[in-house]
Structure formats: C-alpha cells, structure tokens
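Whole structure, please, built from the sequences with the hints as guidance.
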Amino acid sequence: MPVESIFGRLEELLPRVAKPIQYVGGELNSVVKEWDAAEVRWALMYPDAYEVGVPNQGIQILYEVLNEREGVLAERTYAVWPDLEALMREHGVPQFTVDAHRPVGAFDVLGVSFATEMGYTNLLTALDLAGVPLHAADRTDEHPVVLAGGHSAFNPEPVADFLDATVLGDGEEIALAVTELIREWKREGRPGGRDGLLERLAATGGVYVPKFYDVSYHPDGRIAAYTPNRPGVPWRVAKHTVMDLDAWPYPKRPLVPLAESVHERYSVEIFRGCTRGCRFCQAGMITRPVRERSLTTVGDMVEQGLKASGFQEVGLLSLSSADHSEIGDIAKGLADRYEGTNTGLSLPSTRVDAFNIDLANELTRNGRRSGLTFAPEGGSERMRRVINKMVTEDDLIRTVTAAYAAGWRQVKLYFMCGLPTETDDDVLQIGRLATEVIRAGREVTGRRDIRCTVSIGGFVPKPQTPFQWVGQTHHTVVDARLRKLRDTLRADKQYGRAIGFRYHDGEPSTIEGLLSRGDRRVGAVIEAVWADGGRFDGWSEHFSYQRWHDCAERALAPHGVDLDWFTTRERERDEVLPWDHLDAGLDRDWLWQDWQDALHGEDAVEVDDCRWTPCYDCGVCPSMGTEIQIGPTGRKLLPLSVVGKG
Amino acid sequence: MRFASHRDIARALERALRRAGLPVAYSAGFSPHPKISYAGAAPTGVASEAEYFELTLSADLPPETVRAALDDSMPEGIDVLDAVFAGEGSLADRLTASDWRIELPGVDAERAGTAAAAFLAADTVEVERLTKKGRRRFDTRAAVAHLRVEPAGTREAQSAYAIIRMVVRHTTPAVRPDDVLTGLHQVAGLAPPSPPLVTRLAQGPLDEASGVIANPLAREGQDR
Ligand code: SF4
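These protein sequences, in sequence, are chains A and B. Residue numbers for the first sequence follow our numbering, so the first one is 13 and each next one is one higher. Residue numbers for the second sequence follow our numbering, so the first one is 2 and each next one is one higher.
One or more of the hints may lead you astray.
Claimed, not checked - Cross-link-like lysine to any residue pairs, in silico, SDA-like; alpha carbons within 20 Å at most:
#, chain 1, residue 1, chain 2, residue 2
1, A, 31, B, 200
2, A, 223, A, 505
3, A, 31, B, 22
4, A, 31, B, 70
5, A, 505, A, 588
6, A, 45, B, 77
7, A, 31, B, 79
8, A, 264, B, 22
9, A, 319, B, 12
10, A, 319, B, 70
11, A, 31, B, 196
12, A, 31, B, 44
13, A, 45, B, 78
Because the hints were derived from the structure by calculation, they are not lab data.
As structure tokens, this is what we get:
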C-alpha cells in the first residue's frame with residue numbers, strides 16, 4: 013500500500029499556526045528512507061513539543077540505531093500544539109512524522125518515550141489524530157503496535173489501557189530485538205495477527221504486554237494480584253541493560269534543527285547509572301549499575317559529533333557527571349583540544365565538593381561562565397541523612413565560597429520540599445543555609461555583588477525507589493512551608509536581597525504523584541482529562557489542576573478510591589504495588605530496609621556508593637547479570653591534528 | 002525554508018561555518034560571536050531566492066572555496082550561490098530594492114489586476130502594522146516601484162490563481178509584501194481566501210529608470 017506524504021495538506025495550514033518551522037522537519041542529519049524498501053517501520057514519538065523533544069537523547073539514539081539497520085526505517089513525531097491540532101481536525105490531516113511527513117497510523121510500531129508522566133495526555137492526542145483507537149483492546153491488525161519506554165515505563169499502569177507493550181531500561185538492544193521479531197512475524201505472514209505478535213514479544217520476558225495480565229483488587233481498593241491471563245506470558249518482566257557503552261557510541265550524527273530547541277548542544281553520555289543511593293531518585297535506582305564510557309570513546313564522539321553538527325557546546329551527560337573516574341582528564345583533554353574555538357563544555361549536574369570548582373573552571377575555559385549549580389536537596393543535616401544525600405553544611409559552605417573565590421558570582425542551590433518526615437523547620441533551614449552562603453561568600457571575596465539562587469521543587473515519591481511506600485506531602489502543606497521560607501528571606505535585610513527564590517506551586521506535584529504511583533484505574537482519569545481538553549500538562553500555562561482534580565473524583569469514585577488514596581496514603585510493606593511485576597532488579601526487601609533506615613532521622617543509616625565500597629546487595633547485578641564498569645583507563649586525550657580554530 | 006525565521010537561518014549559518022571548518026573571525030568580549038552581518042533579511046513565512054550576508058574571516062581564502070564549503074554544510078533547502086570579496090560601502094547600500102512574487106490561490110487574476118490598478122492610481126496608501134516600536138502608520142505606495150499581475154499560466158488556468166510581481170524599494174520603516182497586500186485590501190477590498198505564498202526573487206541596486214534590479218555582487222573590483 014503506497015503511503016503518501018501529507019506535507020502538501022499540512023503546508024496550507026502552517027501559515028496559520030505559531031512557530032510553523034517546528035513541523036517541517038529537514039533537520040541536518042535527519043534521514044528519509046524509502047517506504048517500500050523497508051520491512052519494519054518505526055514512528056518514534058517524544059510526547060512533548062518539538063523544541064523539547066528534538067534534542068532528546070533516547071529518541072536520537074534509537075533513530076540512528078534503527079535507521080542504520082538494513083530494511084528498517086525510523087521517523088520521528090512530536091506533540092502538535094493545540095492551534096495546529098484544531099486545524100488538523102478541521103482539515104482531516106493525521107498525526108505525521110516530521111521526516112517524510114508520513115501518517116503515523118501507517119507505521120508498524122509507534123514507539124513512545126516517556127521521560128515524565130506529564131506527557132500522557134499528549135499521547136492520547138497523537139493516537140487520536142493518527143486514527144489509532146485509544147484503547148489497545150480496540151485496535152486491529154491495521155494499527156501500529158504502541159510501545160512505550162523511558163523512565164515512566166517503570167510504572168506504566170496508568171497508561172496501560174492505551175499501550176500495547178512497554179519495555180524497561182536501555183533501549184538500544186531491545187529496540188533491535190523487537191524489530192527482528194516483527195520482521196520474522198511479517199515474513200511468516202503475520203501468524204496469529206496482532207495478538208500473535210504481542211505473544212511473541214511477551215514470551216521474550218523483556219516486553220510487557222499489559223492486556224495479558226489481569227488485575228484483581230481487595231474490597232478496600234488495594235491490589236490483590238497481577239496474573240498472566242494466557243500461557244507463555246512471564247510473571248515478571250525484566251529491564252534491559254546495555255553492558256558496553258563503548259560499543260554503542262550514539263548519537264553519531266546528532267539532529268540539528270532549524271528551529272530553536274531547549275538544548276542547543278552536542279550531548280554525550282559519559283556514563284549510565286548512579287549508585288550514590290539518593291533515596292528519592294528514581295533515575296539512580298532504575299539505571300544501576302554504573303557503566304562508564306571510556307575517555308577515548310567520549311573524545312571520539314565529541315570530535316565526530318561536533319563535526320557533524322556544528323554545535324558550539326558540548327554537554328557531558330550523566331546522572332552525576334563529576335563522578336566519572338576520569339572526569340578531570342576528560343575535561344582537561346577536551347578544553348585543550350578545543351582551546352581557541354569558542355566551544356563551550358557543560359556538565360549538567362554537579363556534586364558538592366571543591367574538586368568541582370576546578371572542574372568547572374576547566375570546563376568554562378573556552379566558553380561562557382554563567383553560574384554554578386549545586387544540589388544539596390535537603391535544607392537540614394537531618395533531612396539530608398533521611399534522603400541519603402550525604403553533604404555536610406561545612407562541605408557546602410566550603411565549596412560555594414571556593415566558587416565565589418574563583419570568580420563565580422552566581423551560585424544556584426537546588427532543594428526539594430515535601431520530603432518524608434520533613435517539618436517546617438527543615439525547610440526554614442534552607443534559608444539559613446543560603447544566608448550563611450552569602451555571609452561566607454562576602455567574607456572571602458570582600459564583594460557584595462555575589463548572589464545565590466535557591467530553587468525548590470516539590471518531592472514526588474516514585475516507583476522502584478525506597479520512597480515508593482511513603483505518603484506524599486499534600487501540596488497545600490508544601491506551599492505553606494515555602495511561603496514561610498519566602499517570608500523569612502524577604503524579611504532578612506542583611507542578606508535577603510542577595511538571595512533569589514524560585515519555586516512553582518505544588519498542585520502539579522500532586523498530579524505527578526497520581527500518575528507516578530497510580531494503577532490501571534487511573535487510566536480513566538487521564539482519558540477524562542484529555543477528553544475535557546487537557547494537553548501539554550508539563551507546561552504551567554496549559555496545566556489545569558481543577559480539571560485533573562474533578563476528573564479524578566469522578567473517574568475514581570466507582571472504585572472507592574480517590575486522589576489522596578493514590579498520593580498522600582502511606583503503603584504497607586506487603587501491599588501489592590502496581591509495578592511489582594516489573595523488574596528493575598532491585599531487591600524489594602533491600603528497598604524496604606533502606607526506607608526503614610531512612611526513618612532514623614539524625615541517625616539514619618548511610619548508604620555508601622558501591623563503586624568505592626563493597627557491594628551492599630541492592631539486588632540489581634546478580635538478578636540482571638550486570639556488573640559495575642568503571643575506569644580509570646589511564647589514557648589521555650591526545651590533541652587533534654585538525655581543528656578549525658577561529 | 003518558508004517557515005524559518007531570520008534567527009533560525011542565522012543559527013544554521015553559524016553552525017554550517019563551524020562544520021565547514023571555515024576560519025570565522027569572532028568578536029571580542031564576554032560572549033564572543035562570529036562576525037556576520039545581515040542586510041534586508043526576508044520576514045518569516047516568506048520564501049527567498051536572494052538573501053545576502055557579509056562574513057569576516059580570519060584568513061584569506063578564495064571566495065569560491067568559501068562558497069563551496071558553506072554550500073556543502075548548509076541544511077537542505079538553503080543554497081549558497083555566490084561569494085565575492087566585500088567591496089567599498091556596506092552591503093545594505095547595495096540592496097536598495099527587492100523583487101517579489103506573490104501567489105494568491107483562490108484569487109481571480111482579473112480581480113487582482115483591478116486591485117493593482119487602483120493601488121497604482123492612488124497617491125498614498127497608508128497602512129498600519131505592529132512593529133517592534135509599537136503600532137505604526139506609514140505609506141506603502143511610494144515604496145512600490147512596479148506592480149503588475151502576471152497573466153494566468155496554464156497550470157493555474159483551471160482555478161482562480163493570481164500571481165503578482167512587484168519591485169519594492171527598501172525604506173524605513175520597511176514596506177513588506179504583506180503591507181502591500183494590506184494596501185490592496187484597503188484600496189480595492191482584495192481579500193485572499195487562503196494564505197498568499199510570497200517569494201523574494203531578487204535583491205539589489207534598483208535602476209530607477211529601467212526598473213531593473215542589478216546583481217549586487219556584480220564583479221567590479223573583486224580582485225583586490
Ligand atoms: S548489586 Fe551491588 S554492585 Fe550492583 S548496583 Fe547493587 S549494590 Fe552496586
């Protein structure tokens with residue numbers, strides 16, 4: 013069946029929408045393959061606006077990995093803004109890919125990457141515009157398989173009704189494995205139709221097909237059990253872990269859009285995983301163990317990536333980049349190589365210690381020097397012990413004053429509010445810490461123009477973490493604590509003016525909480541919100557708490573549960589959690605014990621990092637057959653022979 | 002490239018320069034930027050076959066080498082057609098007028114012709130537009146050196162499809178094709194049912210007598 017580009021029809025609508033450039037594709041390094049020559053066709057979706065989605069690493073990597081394969085085609089699609097959505101509906105234009113403007117409904121797979129839960133309503137818009145039934149149960153052999161991945165896939169239950177399948181963990185290998193299964197199944201003449209394919213995927217043990225599991229509930233609303241409802245379906249589905257990052261040096265040819273995007277840089281992951289053990293951090297828990305990319309591969313990737321893109325900045329990504337065993341050599345090596353070329357280096361996450369200041373100085377040698385960010389996360393020593401973020405106040409003051417002394421004028425401190433066992437006083441300590449930072453900074457530098465910005469986010473308990481059982485602090489409590497803190501800072505005549513204060517109100521955190529730890533019954537809430545016009549929930553100007561609240565009341569009432577039940581309720585040790593059958597490798601008993609350890613307040617038990625201390629049996633390595641992979645390799649980056657110097 | 006803004010194009014150019022490895026000169030200062038100056042950039046939503054910019058390099062390279070390297074590195078849809086050494090005077094001085102084509106799907110050629118005649122017959126046609134400096138009112142008639150409706154071609158013959166060609170002087174405030182369309186609407190009620198497709202065909206020095214726009218990169222004094 014020939015598949016035509018819809019661009020002609022789209023082009024007529026574009027002059028009538030905002031930022032039309034985001035819908036025309038044509039990015040440098042994008043790929044358009046011949047439709048009929050491909051056996052397996054993927055549409056990859058990042059369910060947010062183009063400007064946010066286009067730099068996404070996960071999508072870029074899969075896009076390249078898949079397109080490199082013979083007989084496989086991958087294109088990209090993003091959420092369209094409501095202005096274009098309305099016109100597309102009016103003129104019958106379907107959800108399209110930006111590469112060749114092909115209708116998404118014509119692909120074999122729609123692969124969706126969920127970095128956050130706030131993109132769920134955008135998935136529904138895309139499905140609906142694509143002419144794909146919202147519910148997986150209503151789809152026929154005509155429709156693409158809707159397959160989700162990304163961090164939110166570690167509890168996909170709230171969107172289980174809308175997804176045919178999900179995968180956990182690193183996408184590279186499993187995307188190719190899924191591709192080969194589809195190829196075989198198509199070559200054999202699609203035996204068993206759609207369910208035949210889903211059964212083959214489920215049988216691998218590495219793909220979760222929600223509709224192959226029945227959920228039963230206790231009279232009080234808690235889950236009784238998840239039970240596979242057909243033979244060959246595993247009780248638990250395991251995550252995927254790529255074990256040699258050097259063998260997967262993607263992206264090699266980064267996408268460079270004409271339109272402006274949120275990250276205008278070439279990003280390279282210098283390692284995956286983090287074992288610092290911060291108890292709130294889902295990313296750290298689900299990506300274990302640490303696997304480093306070697307310094308030489310990082311160097312090669314940066315060289316190739318800059319050549320292929322023309323970007324002026326390099327981002328060294330990971331969950332805690334300063335922890336790479338050879339970060340100093342990487343930073344110095346790259347700064348030397350690109351000296352005089354106006355190429356900036358950035359490290360998105362910085363740890364609180366003095367070593368970081370040297371590193372930051374090195375990184376900004378060739379580029380701009382804006383501000384430094386540190387994340388103590390908790391305002392009081394006690395709070396930091398609870399979350400296992402082991403930074404003492406002395407460390408923090410010493411680090412920050414060193415930054416001021418090194419010439420940085422602006423320091424940003426990141427905290428969370430609403431953490432387990434938190435009191436008003438813990439939050440007020442944030443203010444005390446900030447004033448102490450300014451006082452010490454003024455003393456060291458003798459200047460009054462140094463600034464410190466306190467940026468605060470609401471804590472949302474996440475699945476597959478030691479805090480998966482806790483009751484979320486109600487957003488009104490969080491808001492009240494933060495108002496108190498703000499008032500205290502404002503009243504401080506001496507230091508208040510040097511301290512910036514940033515926080516968003518807490519309502520979205522409650523909805524994020526619902527979507528993070530919800531189960532299948534939450535699907536009806538998402539659908540109701542979407543039907544009522546809910547779109548782009550990650551954008552404050554589009555998010556409506558009232559709408560979510562009202563839809564939740566209505567859709568959950570028949571089950572005898574509500575918004576609070578999913579968010580502020582503390583779970584018991586033995587309660588079946590909606591993600592218990594999805595295996596991130598973490599030992600449930602270890603998670604529980606770690607949660608209990610957190611509760612000892614001042615004496616909370618500290619967990620060290622297993623990179624430097626013996627394994628403490630979180631369970632991941634033995635159950636996933638993985639191991640820690642770190643350097644040092646002892647090698648150095650050699651100067652490049654040809655670098656265009658300006 | 003119709004939907005790319007000037008900023009989008011500028012960013013693409015800077016990246017192409019880096020990819021091509023051309024030795025661009027950077028400005029000094031806190032946040033150095035490449036020395037590129039633009040003149041007469043086309044507004045967003047308009048296609049163009051004639052955009053110009055001036056680039057300072059830190060090494061002496063043959064213009065053709067620079068052109069070829071840049072052309073290779075620019076995204077699809079942007080071609081680098083010609084490069085010469087910058088001469089005396091600014092680029093803007095050489096770009097005094099533009100030749101525009103405006104396609105009006107759904108508009109009858111005869112109807113467009115009447116509107117054009119009415120516009121040309123007027124002494125002044127004042128329009129209002131929101132500019133960066135707020136709402137401004139200015140004349141569009143004086144800037145228009147030529148304006149005519151092309152005879153309907155065979156492709157478009159079946160349905161109404163008017164094509165306007167016009168030469169507009171570069172003035173301050175700039176008179177843009179959509180300002181002229183606003184003018185045509187004001188003097189003759191011309192209201193296209195769907196968005197017009199505007200293309201800049203040429204830019205350069207206008208010979209007032211003949212109404213011809215010359216090549217701004219004409220090869221005088223190129224071998225400095
Ligand atoms: S199993 Fe041991 S070594 Fe592996 S991530 Fe867990 S604590 Fe670290």
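(request) Provide an ascending list of the numbers of those earlier hints which the structure does not satisfy. (result) 2, 3, 4, 5
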